[in-house]
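**Q** Listed below are the residues making up each chain.
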Amino acid sequence: MTGDPNSSQDNLQDIRLGHADRGFVGKIIRLDALVTGSSLSPQELEQRLVEMGFVEGARVEILHEGTIRRDPIAVRVDNITIALRRSEAMAVIVE
Amino acid sequence: MTTASLRLALVGAPNTGKTSLFNSLTGSRQKVANYPGVTVERKSGGFVTPEGRSVTVLDLPGTYSLRGRSPDEEITRDIVLGRFDGEAVPDLVLCVADATNLRLTLRLVLELKRVGRPMMLVLNMIDIARRRGVTIDLERMSQELGLPIVTSVAVRKGGVDELLKRTDEFLARSHEAAASQWTTPTIADLKAAQREADRIIAAAVTLPTKPDTLTNRIDSVVLHPVGGLVILAVILFVMFQAVFTWAQPAMELLSDGFSALGQLIHDVMPEGWGLLQSFLQNGLISGVGSVIVFLPQIIIIFLFILLLEDFGYMARAAFLMDRIMGGAGLHGRAFIPLLSSFACAIPGIMATRVIDNRRDRLTTILIAPLMTCSARIPVYTLIISAFVPATTVWGFVNLQGLVMFGLYAAGITSALTVSAVAKFFLWRDHAPAPFMLELPDYKMPRLKSIAIGVFTRAKMFLYRAGTTILSMMVLIWFLASFPTAPAGAEGPAINYSFAAMIGHALEPLLRPIGFNWQIAVALIPGMAAREVAVAALGTVYSIEGGKEAADQIGQVLAQKWTLATALSLLVWYIFAPQCASTLAVIRRETGGAKWMVVTFIYMLALAYVASFLTFNLAQALGLH
Ligand SMILES: Nc1nc2c(ncn2[C@@H]2O[C@H](COP(=O)(O)OP(=O)(O)OP(=O)(O)O)[C@@H](O)[C@H]2O)c(=O)[nH]1
Ligand SMILES: [Mg+2]
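If you read the sequences in order, they're chains A and B. Each residue of the first sequence is one higher than the one before, counting from 1 in full-length UniProt numbering. Each residue of the second sequence is one higher than the one before, counting from 1 in full-length UniProt numbering.
With the rest of the complex left out, here is chain B (with noise of 0.2 Å):
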């Protein structure tokens, strides 16, 4: 047994399981869901085997061969031969099978033989496979690939144990690497690689005389040329009804507790403690308890997604949205990193490592912000309940829903518009590389999965409101709360504090949009996180209004904002780049400044003149 622990990779085509088995290996909660393509990054985290070996294992992205045609296959090239910076070539390749489905991964076996390095196949989702009637020779199919096998079902525990205990053996023994013969392939070396794979399919696996049907039926529905895009529109707008009718009794629970909990403090303190009375009112419960009140917003978005993603419905989608996606001059693979960004940009961006040209990617990348992302959430909902009346249309469609689903569609609408426009002016020349996807049977959704899945998503949004947007808040009390007012002055105390000569310095450049110096104060710690906003508006008003107003927020801009100012904030929120973050993901992701400061323009530009339209038209229509 050496010291240094050994080092295991797992490579397979995608969707094949190697998240689940890497998660249930070392106990990490990485993203698993069921379409090709959700790892784009590399990932390590370690464990300990049954007799004590030390080892550290890296989850890479899926691929079905190693030539490394898009930048998350060359991560998993780079890795398996060797030339990735800094990381050693892998002491053990797990090659990950799914054992229902071995066709390409088995040829993928055989190209990674040629790479030399010790190997082990590890067929896994073997109780799908079972279930379905599929046997599996392992000796012969041991045997004609000349590697150990193991089975394993990487999403129930127990599932990985012969995986573990075969590892052990495996690394009991010396192996030999033997010196790499690995070339990309051509085309001929592939389909010979194809036609010895299908024999070897042929020689050790029995197929079940009846086949699984049931994707097929679900799919002669799900992607019926008619009654798929109405199933589509269908869920999209389900989601929307539920994230405001379903959240509502949860958020006003919460709401009315942090307004309980804002007059407790009024109460207990004794007076002369003005200040900290005023920042833990003002600052941490106006400001921070008015983004967390959305929490039950944010959760019930995550568990659609997520369910739509463990079902296998997202491929399906991208297959429905293919030709309206393609006349927008996007790539085949722009949808899934396109509806990632529903709930959070980020990993929208990094999704877009699936995507083989660059100037599709990067089509992909500057768009993707335009996606309506959990963080507006909040800011949507706030002005909406605030403006638009919770009555019913048409029988059962909830108003503040509808208004909701049109700022996603005018979201969605704008961002193909854009890919359009800079398609014709900057890549007229090049057309978008096709769609080519591989439809993945559906599988049931797990509880336990979709359970951790929402628990991370609703952690991290605490973990900003407490970090992030604590420490924004902290910084707007500051600026609102000093310096104090000049005895006898007259007006709110807020009328002399710093907030108020920024705001009024940058009034100027707003009135035209029909933004106030609050919402103007608003928007700059709003670049850190577009919540923040929220956050920042529930600070300046209740330290305006004193401590009578210090309760809810909605109906302060009710009183205090006109129509007109508050539809131009809404479409504000639709186009601008209210997030430090995404653009650093973007300067990341494109390897340079550029592409970022062209996104945050283009972003800025849009916002302001739509906001500016709307707010004029608006009163001209007299909105008030």
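Chain A with its partners taken away, still in its complex shape (with noise of 0.2 Å):
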């Protein structure tokens, strides 16, 4: 895991969840919550999204949208349904 945004070597399949689509389906491949548009600090954030399974190697699914800009999303971590809106989904990077 890279601390400096800098050097994101990012594979380039790996995308970050608050970009992806209804309908995407992947898996957590590690957490990013220093460049996103959250009003969290990246601690506070990183820290949130565990709480809730967002951990790495978990299975993800977008299976709603809303209606402004399609945010907020819901999204299926494994087996529950957490809403949050893309700008926090940001900090997820998925594959």
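If you are wondering where the hints come from, they were derived from the structure by calculation, not from laboratory data. Glycine residues also receive a C-beta, built at the ideal position from the N, C-alpha and C atoms. Incorrect hints may appear among the rest.
Derived DEER-like restraints, expressed as beta-carbon distance ranges [what the hints assert, rightly or not]:
hint : chain 1 : residue 1 : chain 2 : residue 2 : range
1    : A       : VAL35     : B       : THR467    : 54 to 60 Å
2    : B       : ASP161    : A       : GLN13     : 48 to 54 Å
3    : B       : GLU51     : A       : ILE68     : 56 to 62 Å
4    : B       : ILE324    : A       : GLN13     : 32 to 38 Å
5    : A       : ARG70     : B       : VAL421    : 24 to 30 Å
6    : B       : ALA177    : A       : GLN13     : 48 to 54 Å
7    : A       : HIS19     : B       : ARG217    : 24 to 30 Å
Some chain B residues judged to face chain A by a derived CB distance under 10 Å, without partners named [to be verified]:
hint : residue
8    : GLY228
9    : PHE319
10   : ARG323
11   : ASP441
Straight-line alpha carbon distances no greater than 30 Å define the calculated DSS-like cross-link-like pairs of lysine-lysine that follow [claimed, not checked]:
hint : chain 1 : residue 1 : chain 2 : residue 2
12   : A       : LYS27     : B       : LYS191
13   : B       : LYS594    : B       : LYS43
14   : B       : LYS459    : B       : LYS43
15   : A       : LYS27     : B       : LYS443
16   : B       : LYS443    : B       : LYS459
17   : B       : LYS191    : B       : LYS113
Take each chain as given, in its own frame, and dock them per the hints.
**A** So this is what it looks like as structure tokens:
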């Protein structure tokens, strides 16, 4: 896990969950809360995501999206559904 | 066996059924609903186990971790760690898990183990898990966790028998509490715990090959980007139409009943008992009776809200409204407290405890009283029925229901506007915290719990009518009856009473917004509770009008007020801070008088300005 946002040698297939479309199915590779549009500090955001079950290896699927700018999204994380905004979902790197 | 009662605490992730368990163990009727964050307080109750141990049990707010990031979660943390003032640490922690959804609770279990209290894991909702074909190897899981495990169905009769039995067995042995090793978990700790929890689940739980898709199918309609918003609007619209049309027959029955009762009292009372007769007829029947008439409407609105809550729709509504709420500068979790405020602002304000950021919480508290609470229904209905014809527009819409819908919409719009303005002027640099909410699976609303819920609300309404409203009515009746008119005086006797004096003193202040002295008199006791204004108007006009006018307050208003005055009073009630209990709760929840005063002043100012504009505009348009 890299802490430095500039050294993002992301695999080309890796995307941020916040960019994914409805119907997307993937697996969480890691969390990277440093560059998101969230009002939370990276530390706090990462902690909350982990508390809601967003950890490496979990299966995620975008089930629904909101009306305005397709935000927020409802994400199936393993077997629970979490609603969150795209700006927070940016911290979740998936493949 | 000890004589001191043993202390149990119910701890677990949100929405796992802790309160349902608490209710079935203790026979209480605490609020249960299908969304996370229902319980925001510590509730204590007692029961006796089958073997005769007396036990105190605490119901606590749900939490994903002991970190305590919002006021409700802090309560749970402090109880579990024994830091809560005046509350000893629990002898046994019952960790409650939703058997269909173990991931997050098992991680919490691992965290709780570090606290070192004796603990037992309760796999609740085992009925749903079995129906879906989830099999859990209890022995294996118990071994892996090093904890005793029981299953339960909190909402079914006999569903907690095993829990009771095992609690007895557990308490029969003596247990050493280990010293607490708990420290606030770091992200790495949380991840490690989650991995461990996932490993245990993989080892002990077999999921069905065909997962439950019903929730998903409903959601694809209910959360559809366009369809979902339409459905939300339709639900609200039907709700307000129903409040008018369905309640009508029952209300007429009640109101006719009270009229007949008044007539009966009038007829059978011997001459010379004039004072008692006036008290019964004007104070009690025209006053308190005029409020009780609204019981059917209160029942209908609560029926709708409870059904939506139990079904699991609330969290979806929050999802649909999130962008709009965020646009007004509100926190993502503000929606449910605001929606609860449709019933009453007091539980709504309490529910803001789920909001972690203090500023966001304050904003929500400030605007919660603007949501149309059920105590406004009597006021709105009275005026609407007196001034708006019950015609049908556009082929199927009841015009009165439409006006009601408009008043609700006005409340919501003004709440959002106030929030946006507050953010802009007070906290411009502060970005509201994000929305992150678990969407629970839908559950079939349970007839019994809905019935209990409606019954509890109806009882509360009648209790208020019998206490607050009744005592205010005694006061009003007294003020409106004394001193009696001097001999040979002209006009109704009430013109010489204290009430008239007070009313006339206030009238100059209220004349610019179109209120007469009778309204002025009604507004003061109306501070105790909004419905009191209806009762007070009933009493004042019935004393003024003499015996023949004692029946239908609505008809009297239609004759005595101009449409401009009626509209102005409707608008007044959208904004005015006419509820002392709400102000008291704001004071308690914000920890000081400052925000209570702010709320009072801003609402009063809004009410005055809005009524002033309405009245003058209506007059200019010639609405008499
Ligand atoms: N079928 C079934 N439903 C249950 C059971 N226990 C609880 N429920 C339902 O689950 C929902 C949540 O129950 P609550 O008791 O409010 O949950 P809670 O843990 O107190 O929730 P918070 O106070 O928000 O933390 C309600 O709709 C209950 O009717 C159960 O054993 N079986
Ligand atoms: Mg609860």
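**Q** Would you mind marking each hint as holding or not holding in the structure?
**A** Verification of the supplied hints:
1. A:VAL35 <-> B:THR467: 54 to 60 Å: Holds, since VAL35 (chain A) and THR467 (chain B) (Cβ atoms, about 58 Å apart) stay within the stated range.
2. B:ASP161 <-> A:GLN13: 48 to 54 Å: holds (53 Å)
3. B:GLU51 <-> A:ILE68: 56 to 62 Å: Because 58 Å falls inside the window, the suggested range holds.
4. B:ILE324 <-> A:GLN13: 32 to 38 Å: holds (35 Å)
5. A:ARG70 <-> B:VAL421: 24 to 30 Å: holds (28 Å)
6. B:ALA177 <-> A:GLN13: 48 to 54 Å: holds (50 Å)
7. A:HIS19 <-> B:ARG217: 24 to 30 Å: holds (27 Å)
8. GLY228: At 7 Å from the nearest chain A Cβ, GLY228 (chain B) passes the 10 Å test, so the hint holds.
9. PHE319: Given a least distance of 5 Å, the restraint on PHE319 (chain B) holds.
10. ARG323: Cβ of ARG323 (chain B) sits 4 Å from chain A, so the hint holds.
11. ASP441: Holds - the Cβ of ASP441 (chain B) comes within 10 Å of chain A, reaching about 8 Å at its closest.
12. A:LYS27 <-> B:LYS191: holds (16 Å)
13. B:LYS594 <-> B:LYS43: Distance of about 28 Å is within 30 Å: holds.
14. B:LYS459 <-> B:LYS43: Holds, because 21 Å separates the two Cα atoms, which is no more than 30 Å.
15. A:LYS27 <-> B:LYS443: holds (29 Å)
16. B:LYS443 <-> B:LYS459: holds (26 Å)
17. B:LYS191 <-> B:LYS113: holds (16 Å)
Violated hints are absent here; each numbered hint is respected by the structure.
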